[in-house]
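For this one, chain F is given, so just place chain G on it according to the hints.
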Amino acid sequence: MALNLKGSFVLDELKNVQITIGKILEEGEEWDEPVGPTPMPGIADLRKWDHTLLERYEPFYAPMQDFCTLCTMGPCDLSSNKRGACGIDLKTAKARLVTIACSIGAAAHTAHARHMLDYVIEQFGEDTPIDLGPDVNVEAPNIRTIIGVRPRTLGDLKVALEWAEREIVKVLHSTHIGNEESLIDYESKAMHVSMCDHIGMEVADIAQIVAFNYPKAEPDTPLVDAGFGVVDRTKPVIVVVGHNVMYARPVMDYLEEQGRLDEFEITGLCCTVHDMTRYNARAKVFGPISYQLRVIRAGLPDIVISDEQCIRADLLEACSLMGIPLIATSDAAMRGLPDATDWPVEKIVSALINGEVPGVFLSDPEKIGQVAPIVAEEVFRKKDRTKLFFKSDDEFREEIAKCTQCMNCVFTCPHSLRIDQGMAHAQKTGDISKLAELEDRCIACMKCEQACPKKIKIINVIMQSNLQNLYAKTGMMRVGRGPIQDTEIRKVGQPIVFGQIPGVIAPVGCVNYPDLKDDLREIIEEFLRRKYIVVTSGCHAMDIGMLKDEEGKTLYEKYPGNFDAGGLVNVGACVADSHIAGAAIKIANIFAMRPLRGNYAEIADYALNRIGAVGFSWGPYSHKAASIATGFNRLGVPVVVGPHGTKYRRAYIGKPWKKEKWWVYDIKTGEKTYIEPAPDALLISVETKEEAIVQLAKLTIRPNDTGMGRQIKLTHYLELSKKYLGRYPDDWPIYVRSEADLPLRTKDELLKILEDEHGWKIDWEKKKILEGPIRPLDPGFNPTLVEEVFEKYSRK
Amino acid sequence: MEFPFDISPMYEGERIRKQDMYVELGGPTQPGFELVISASPDEIEDMNFTLIGPDISEMEEGKAYPYAMIYRIAGKQVEKDLEPVVERRNHDFQNYIEGYMHLNQRYDIWIRISKSAVKKGLNSFEQIAKATMMLFKNELPFIEKIDATYITDREEVEKRLQETMKIYEERDLRTLSLHDEDVEEFYSCTLCQSFAPTNVCVIAPDRVSLCGAITWFDGRASAKVDPEGPNAPIPKGELVDEIGGEYTGVNEFAKERSGGEYDRIKLHSFFEFPHTSCGCFEVIGFYMPEVDGIGWVHRGYDEPAPNGLTFSTMAGQTGGGKQVVGFLGIGIGYFKSPKFIQADGGWKRTVWMPKSLKERVLEFIPDEMKDKIATEEDAGTIDELKEFLKKVNHPVVTGVVRDIDGAKITDGWVEEKEEEAPIEAPAETGKVQETPAMQQIQPGQIPVFTPQPVMNPVSGGGIKLVIKNAKINIEKIVVSKKDS
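In order, the protein sequences belong to chains F and G.
Going by the numbering used here, the first residue of the first sequence is number 17, and it counts up by one from there.
Going by the numbering used here, the first residue of the second sequence is number 5, and it counts up by one from there.
Looking at chain F on its own, in the form it has when it is part of the complex (with noise of 0.2 Å):
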């Protein structure tokens, strides 16, 4: 019989009775902020979030192919509206392929902060308290919005990472056959395991800057060494390659404990040497994953240590080839070698010295810290130094005359690169300078090698026609500094709203660029000169390093480290992209004191509406660049990618002559209002630098800019199309809502225009635009697409 009773009870005895409480709170630990409509979501708690987003920024296919080749009953064609054996239709096949490839990017860096957190919590204990420095209040926005906690120490993230890894499961079984039968729900899946991601990289971050005691929110950060020329060749080099920096970490450690830390060379390729120079900034960086192959095959390493995501698949044939001993260190990656975890530190280093095996797999951080430096030094003794790319200029030249300018090459290059030309150019006339051209947009993947029927080693021609410049790429990276201090967000605050500070960039992700890599130092620069903020991190923040203007300068040298007008700030390794989607939340919460605990929808809506930020991958080709991107859309913050971008297969782009399709919630009038398209894409992809330019100045536009906020952004939108199309565009009349939206200089012009071309009436004594805007502009407008805000805050 069940029993209910109500009121106080005196319990005059508890016997045999097994209390077990998960956590005890010490007074005013708990969180007094309301839980929000969605803390923990599950797929269908932001499911309408998605929606109401995606009937604006309808999903657009770019299918690389027409075939569903994932299951047994395929292949099945799926062109020309064919459905396949299972009944799936093309578009939502490769929504569906979106999922997958969102579900591995989310999963790489959970599984990296699975990892992470593991392991600072069993050498630093789960009572370690979060501090990130003393401006930095709110620890962690997208802990706190997603999953409704805010974290105090290291064992409360558990809960964050642990209802990530349930969300990934959950929506990788979705992608199993049979099973969503709408495009918009597999988006929306998309966008939900793309914000666990998000999580994930917190996680991963939050546990390294506190247990390894990285920069906490400082802007002045030091520079380190960045390029292929960095290192000094008359030490051992130790290379570090990878994503997940707690696996090397102790070789810099053991080395300092030694006193021998100025004997070595540690440096590294990808996040991993990242965040070694968070560690210690005497790490110096190579650079991203197209220079794996470079440094490998120029035999700069004595010892090479991998742990996991963008490295190399055939990295222990190359290391092999070149004599350097592999040390794997990930589960993730154990490259087919002999686990020697629990082997003896002489052990292991006998095996890889005297070459009784290739490498090993190693997982234990502090064993790794020892074996390292001992194998490098004994490598480095017994080194070939004079071994390059090649042994000698005729094997340089024989290699060149083997060509037969057959194309190969150049159909399978990504870039297309005319290898075919600087071959035919040296042999015919011994001038190398054509082939050397090459070597700055080469990424070094090794498609061309395969591709050849004559074998030739063409990366090995590229890197060794431009040696002399190769070595000469030396530049600086300023460290990752995590997070953005909420002081630093309160005082952008006044100039954003009075237009000084246009918007927000933020260049992150890898280096599958169209062309030369300059052109991301042009693209960035030309937005700091023009006082945006530029927030960037991973392979983009490590070539930002490398790239060196007229005077030989990084922009990293050039532009301070902070969060404000003009300023250039690396958060640090992919996982810190957490900090920048942190930082617009922040914004919400600070500015508007919008509550974030389990109220994700409001906040993505906040930023949609009124946070001129936008992300911009030029070089994209990783799957956690697809979650990181796709999470960022779902946080209403839209993202430019370079044309490889198309090849996710997927964009959401907005219809702006779709007018219905432009509608808000106003607050402040309880009425649904139509508005300008802003911004009218959310996922975009662009060929060139210069359209990469104008595009990226016009998704800062947000509709609820201030006057002088939207006359700053239309600035700098017409300027810059001038510049690099050679004319305004089409639609900026789409973004004036009244005269004082106008830049200052060409108002008359521009009055002109829409009095003459677009039929506006103007008074023009007063300068003023009588009719023609889609709505006026309201200092107190206050949008919103959700319903349950929208109601929330007009009952007051």
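Do not take every clue at face value.
[Unchecked claim] Output of the computed footprint for chain G on chain F, the stretches with three or more beta carbons under 8 Å from beta carbons of chain G:
| hint | segment |
| --- | --- |
| 1 | 140–153 |
| 2 | 438–445 |
| 3 | 670–680 |
| 4 | 725–735 |
| 5 | 761–768 |
[Claimed, not checked] Using 20 Å as the maximum straight-line C-alpha spacing, the simulated SDA-like pairs for lysine to any residue come out as follows:
| hint | chain 1 | residue 1 | chain 2 | residue 2 |
| --- | --- | --- | --- | --- |
| 6 | G | K259 | F | K232 |
| 7 | F | K471 | F | C461 |
| 8 | F | K232 | G | Q23 |
| 9 | F | K777 | G | K395 |
| 10 | G | K170 | G | Q109 |
| 11 | F | K783 | G | K259 |
| 12 | F | K782 | G | E49 |
| 13 | G | K134 | F | P55 |
| 14 | G | K326 | F | F806 |
| 15 | F | K107 | F | F140 |
| 16 | F | K574 | G | K22 |
| 17 | F | K783 | G | K80 |
| 18 | G | K123 | G | M25 |
| 19 | G | K123 | G | I20 |
| 20 | G | K119 | G | K259 |
| 21 | F | K232 | G | E307 |
[What the hints assert, rightly or not] Looking from chain F toward chain G, a few residues come up when the C-beta cut is under 10 Å (computed):
| hint | residue |
| --- | --- |
| 22 | R610 |
| 23 | R626 |
| 24 | I627 |
| 25 | K784 |
No wet-lab data here; the hints were simulated from the structure.
Where is the CB? At the ideal position from N, CA and C, for every residue including glycine.
Only chain G this time, still in chain F's reference frame:
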């Protein structure tokens, strides 16, 4: 008109180094000034330019010259009070010009023209003046006519500078002597509503906006450009509370523009219906019940204040366009105000500031209070602060007597008890409406300041356990009557 230079906000902040400079104007070695004055429309030929002295093309490369820029403006809405506001824009607009650096204002102006600008065809001040005048007219359409006189002749600059100094002095006097009671309307600033939808800044002669960027004069100029814009005029209405600075017009406006979020604002009060805060205030004030005084900390100070909280933490408690009692966001300029939180004792209630902030506003602190306000060098904790305040005999120790009306508004620490002051016995009997959204605090009463939620203590002491999300599996419960 076509200009041989680009004009864009992207050149703001452009620095021209000595080796890139063609000529320097004004600056550390030469006299210089800029001035905007109003005139009657028939005195002015629109867009006319006059130069007295050598032009750029006649100047020697690498040299410095005297420089004066005088603009006369006219229009139906132009008035004397707008002159300094318009004048300050000269800096903004001229910095839009590529290859032209403008620093400082008034008689401190320092200009450099770059070699590359001259190379591209900048050879006359007329080009600069015409561009600047165009920008003035585009941005401030109440200027119907404008002309400019630039002077590079030393004698003439020096002569006119003397006259101009008098104008600056008069203006400063006017700014200092203009008070809330002298004007008919205040101005709102709803710019921050783009981020904080319910925030309404009320800008009065004695109260600058809390971001520090807009004075009453600025608000007035902006309201002339667009009365329906972000700086709409607020008719003061009737004075409700002279000391606190409460007006019916302000209350009505606040209610309407905040969407009913709040309906009363006292401009010069800390505890009672304080002004709201968006997120970009320069300084935050915080009440410390232990000493019954108020501390102030600015954005640039990242150490904890004596209450153990950093700027960032305290700022996190306020903002969002809400009235939060116990904290107040202000602009640094408000320290200059003679009405600076006058309802709650002003400087006499101020007990602590970071040294750098105190030095910045030192000249506005009454002499007798200068040594009584602690900095981090005097006190880092509440206990140290108590010691310091006792030592210097700060008014909060014995009770604050308000300057404005001589009322004793705090009791002082006479009894020095650890417990809270009695809740009854407020010193003043002003009627206070019940507003559920905010905590009521009256002068004389020590508010219970709760930066973090405090659990209710269990009566009779001991520990109160709050068990959440716990699974208690109990096999059997025997419920028996308690013996009475």
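What are the numbers of the hints that this structure violates, sorted from low to high? 2, 3, 6, 8, 9, 11, 13, 15, 20
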